[in-house]
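Peer 1: For the record, the sequence lines run as chains A and B.
The numbering of the first sequence is the numbering used here, which starts it at 47 and goes up by one.
The numbering of the second sequence is the numbering used here, which starts it at 113 and goes up by one.
Worth flagging that the hints you see were computed from the coordinates, not collected in a lab.
Mixed in with the good hints, there may be bad ones.
Partial list, computed: chain B residues near chain A (C-beta under 10 Å) [stated by the list, open to error]:
| # | residue |
| --- | --- |
| 1 | S271 |
| 2 | E273 |
| 3 | L277 |
| 4 | G280 |
| 5 | C281 |
| 6 | Q285 |
| 7 | V290 |
| 8 | I294 |
| 9 | D312 |
| 10 | A362 |
| 11 | S363 |
| 12 | E377 |
| 13 | A380 |
Some chain B residues near chain A, calculated using beta-carbon distances under 7 Å [claimed, not checked]:
| # | residue |
| --- | --- |
| 14 | E162 |
| 15 | L164 |
| 16 | D269 |
| 17 | L272 |
| 18 | E376 |
All C-beta atoms, glycine included, are put in the ideal place defined by N, C-alpha and C.
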Amino acid sequence: MALDVFAPWDDPKAKPLIQFKNVTKRFGDFTAIDDLTVDIFEQEFFALLGPSGCGKTTMMRMLAGFETPSEGSILLAGQDMAPVPPNQRAVNMMFQSYALFPHLSVWENIAFGLRRDRMPKDEIATRVEEMLRLTRLEKFARRKPHQISGGQRQRVALARSLAKAPKLLLLDEPLGALDKKLRQETQFELMDIQESTGTTFVIVTHDQEEAMTVASRVAVMDEGKIVQVATPDAIYEAPNSTYVADFIGDVNLITGSVETEGETLRFTWAESQPAIVGASTKTFGKAQNVHFAIRPEKIAISAQKPEDAANAVPGKVLDIAYLGNISTYHVQLAGGQVIKAQTANNRRISRRSFTWEDDVWLSWTDTAGVFLER
Amino acid sequence: MRRFSWFNATSLTLGFAFLYVPMIILIVYSFNKSKLVTVWAGFSTHWYGELLSNQSMLDAAWVTVKVAVISSSIATVLGTMAAYVIVRAGRFHGRTLFSGMIYAPLVMPEVITGLSLLLLFIGLNVDRGVMTIVLAHTTFSMCYVSVVVSSRLVSFDQSLEEAALDLGCSPLQAFRLVTLPIIAPAVISGWLLAFTLSLDDLVIASFTSGPAATTLPMKIWSSVRLGVSPEINALSTIMIALVTVGVISASLVNKRQAVRQKREEQAAERQS
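With the rest of the complex left out, here is chain A (with noise of 0.2 Å):
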């Protein structure tokens, strides 16, 4: 049997959770949302992703009720945010700086926004204890913020932010104070949470891994704007800028002019060159000028021309980068180019084929790269 595949924002009937309808924030001059439209829907985990400065907090913080959008409107659960201050919002959010009460301890930080709803002491400590399970704290209830760790204190906000059992859950950098390794790990807790308490989770980052790793949806933001909402793989196979595309992971970006041929593209790019084949769905003009971008793990690198390939071109082997599981090769083609190729190295690494100065040849199917419009 099939599993059902949670994705929302295909069906034309499902009713978003959030809805950002032309919202625009300006500080002062400064635009830091511009004209600005999306849809999140219930129980989706969703990344807004972008470097500093594009108005990813921004965004949060108006979920939040922290700012106000200068224009446009805000809709939760298709009633109006504007008028709602912070307190009064099914709302609540998990700061970067954790924002632990450093006079409470941990029990009664998970505890304060219960005590603010007037609930009764004994559901407010069956409630606490279920958090405290729920984040694996149950040792640490009675300490004070300064007497647990990074990664404790981590779990103690989490557990704060979830206690009131919010429709929407706001995450700023979550993990951004967190070594490697432990955040790894803590983002697959925070998938297993999310998914166990059915909340809609908002996360901001700049961390393309992160947002690749937990979300549903990822949000590409540059300059106010989102440049591109898909899904992860769809962000990472299919980008529809190279901004995006040059934005998640590494990319090779060739410019030239592409024609239609039937089914296949011919892309022109180099004198010296044979023209690149590729399959498009999209339908470009005629020697229309753009940017072909490859994957570097989609470049397969042989010491002979195969055979089968669509693409094949000559190059010789500039530099390795040897990153232990992967190596990436940076072959020098005739015409000057710099082209980056990866392989998986499934063997140990004395069996290594090519090395510096090496005449080698790269290939790739037909499939393996898109043409972005400049």
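Put chain B on the given structure of chain A with help from the hints.
Peer 2: Only chain B this time, still in chain A's reference frame:
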């Protein structure tokens, strides 16, 4: 460890002698039997007994304490409010002017502050007494409180307040439940600073007091003009003792807390 050198030893001795020899002389002479301050006639606690039976001296002490407690409490409330607004209100027109105006009394000569207050009280036709000294002391110690509190507020992580709002606090609750407990040490030291400033103020109190209210510094000053008596030495010794005990115990408590916090943080890191 740095090695002992004659230069260091001499500098240290000179420095401390400069600071403490006058006070030591004062303390020693407070136990003098003789009525003449400059002639040593043997050890006695006579003047301490005499002091306790001097009603006008005790009255002055009571007025001083009363003024100090009331004025420093009012100054703490007002100073904290001013600091909070200046630090938190963000950018508004005239912000620099406002913050500058709060700190101006710090550098204003006391004589001018005292004189201007005196003119105000005369102009308003207010009877001068304990009330007017309290008002005057509140005025000048408020800015000290606001300096101390605002320096704490500047380093205060504002997302703590936002977290409180996010979890359902009204802005007032957020201040009471989160901001105030965290800045409490700064507020308390602001109060203590205002208290000590009020205790030893002579100039402003002289300008703003009336015949009915005399503070201890005023009393000491006026009796010294008639000649230094051993009684005054005894009184001063008591004041020195009180201040010393206060300062030492405050720093001990602070140090113990810092040491404990550091130990707990290290323990937390080891466990993770």
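Peer 1: Hint by hint, note whether the structure agrees.
Peer 2: Checked hints:
Hint status for S271/B relative to chain A: holds, with the closest Cβ pair at about 4 Å, below 10 Å. Checking E273/B against chain A by beta carbon gives a least distance of about 9 Å; that is within 10 Å, so the hint holds. With a least beta-carbon distance of about 5 Å to chain A, the hint placing L277/B at the interface is held under the 10 Å criterion. Hint status for G280/B relative to chain A: holds, with the closest Cβ pair at about 3 Å, below 10 Å.
Evaluation of the C281/B hint against chain A yields a held restraint, the C-beta minimum of about 6 Å falling below 10 Å. Satisfaction of the interface hint for Q285/B is found here, the shortest Cβ-Cβ separation to chain A being roughly 7 Å, below the 10 Å cut-off. Satisfaction of the interface hint for V290/B is found here, the shortest Cβ-Cβ separation to chain A being roughly 6 Å, below the 10 Å cut-off. Checking I294/B against chain A: minimum C-beta separation of about 6 Å stays under 10 Å; hint holds.
Annotation: D312/B was flagged as interfacial toward chain A, and the flag is violated, the nearest CB pair being 33 Å apart, outside 10 Å. With its C-beta approaching chain A no nearer than about 20 Å, A362/B sits outside the 10 Å limit, and its interface hint is violated. The beta carbon of S363/B is not positioned within 10 Å of any beta carbon in chain A (closest approach about 21 Å), and the interface hint is therefore violated. Checking E377/B against chain A by beta carbon gives a least distance of about 5 Å; that is within 10 Å, so the hint holds.
The closest approach between the C-beta of A380/B and any C-beta of chain A is roughly 5 Å, which is under the 10 Å cut-off, so the hint is satisfied. Here the hint on E162/B is broken, as its CB sits about 49 Å from the closest CB of chain A, past 7 Å. Hint on L164/B is violated. Least Cβ distance to chain A is approximately 43 Å, over the 7 Å limit. For D269/B, the suggested interface contact is upheld, since its CB lies about 6 Å from the closest CB of chain A, less than 7 Å.
Interface restraint check for L272/B: the shortest CB-CB distance to chain A comes to about 5 Å, inside 7 Å, so the restraint holds. A hinted interface residue such as E376/B counts as satisfied when its beta carbon comes closer than 7 Å to some beta carbon of chain A; here the least separation is about 5 Å, so the hint holds.
In summary, the structure is inconsistent with hints 9, 10, 11, 14, 15 from the numbered list given earlier, while agreeing with the others.
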